[in-house]
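Trainee: Sequence:
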Amino acid sequence: ATKTACAYLAFEKAGVERATIVGPAISRDTWPKEARKIFKDETRPDVFAVSGAEDLKSPRMESAKYVFVSSQLLARAWDDPELYEAMNKALVERRKTDGIILDESDEFRNEDTDSSKMLIDIVSKIKGLNRNQNDQKIPMLALTGTPISGSLKDLDITMALLHDDRFALPKTFEKGNYP
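For the sequence shown, the working numbering begins at 449 and goes up steadily by one.
None of these hints come from the bench; they were simulated from the model.
Be aware that one or more of the hints could be misleading.
So the derived label-pair ranges between C-beta atoms look like this [to be verified]: (1) K537 x G593: 29 to 35 Å; (2) S506 x K461: 33 to 39 Å; (3) D527 x T491: 39 to 45 Å; (4) F487 x D528: 23 to 29 Å; (5) D494 x D527: 28 to 34 Å; (6) S511 x K585: 20 to 26 Å; (7) K544 x I474: 23 to 29 Å; (8) R542 x I474: 23 to 29 Å.
Below, a list of computed lysine-lysine pairs in the BS3-like style, where the Cα atoms sit at most 25 Å apart [claimed, not checked]: (9) K505 x K565; (10) K461 x K451; (11) K488 x K505.
Just so it is clear, CB atoms sit at the ideal spot from N, CA and C, and this is done for glycine as well.
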């Protein structure tokens with residue numbers, strides 16, 4: 449089985465109903481393709497891969513069990529107020545995401561990139577909404593096939609998103625604001 453299949457199975461076991469997958473655009477077609485290839489028809493995960501801003505308005509944003517959004521679209525949203533608002537409405541308000549998968553999480557090692565800023569922003573809002581509704585943490589999974597090539601510091605953002613009760617984002621930590 450692939451890491452994709454393992455992620456599907458882990459989220460199924462955790463009872464996630466509306467997962468959002470964030471990863472590089474090159475992986476967009478991988479998630480639905482792997483679901484079709486590995487699972488039987490009656491157990492196949494329902495995956496909607498967002499190709500652009502227009503897809504954020506699709507009813508599939510609410511109905512699909514898994515929605516894939518590219519890190520490139522996240523980066524565009526950070527600097528585009530209309531896209532930023534559309535992404536927030538789609539993923540936080542309408543979709544009510546209750547689980548997050550970071551595919552190729554090593555892409556988010558630099559918190560100064562627009563994709564990392566938007567990821568941090570949207571994950572914070574999703575977590576906040578879920579905590580307000582049921583006071584439980586949402587399942588998150590970080591996947592990568594890339595070995596750490598620089599330093600353990602490359603994991604700072606991933607660890608802060610996965611375990612916000614224990615790890616601070618790098619700039620928060622530098623300012624002396626600890627979790």
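Trainee: Give a verdict on every hint.
Mentor: Okay, the hints, checked on the actual structure:
{"no.": "1", "hint": "K537 x G593: 29 to 35 Å", "result": "holds (32 Å)"}
{"no.": "2", "hint": "S506 x K461: 33 to 39 Å", "result": "violated (28 Å)"}
{"no.": "3", "hint": "D527 x T491: 39 to 45 Å", "result": "holds (40 Å)"}
{"no.": "4", "hint": "F487 x D528: 23 to 29 Å", "result": "violated (36 Å)"}
{"no.": "5", "hint": "D494 x D527: 28 to 34 Å", "result": "holds (31 Å)"}
{"no.": "6", "hint": "S511 x K585: 20 to 26 Å", "result": "holds (25 Å)"}
{"no.": "7", "hint": "K544 x I474: 23 to 29 Å", "result": "holds (28 Å)"}
{"no.": "8", "hint": "R542 x I474: 23 to 29 Å", "result": "holds (27 Å)"}
{"no.": "9", "hint": "K505 x K565", "result": "holds (23 Å)"}
{"no.": "10", "hint": "K461 x K451", "result": "holds (15 Å)"}
{"no.": "11", "hint": "K488 x K505", "result": "violated (29 Å)"}
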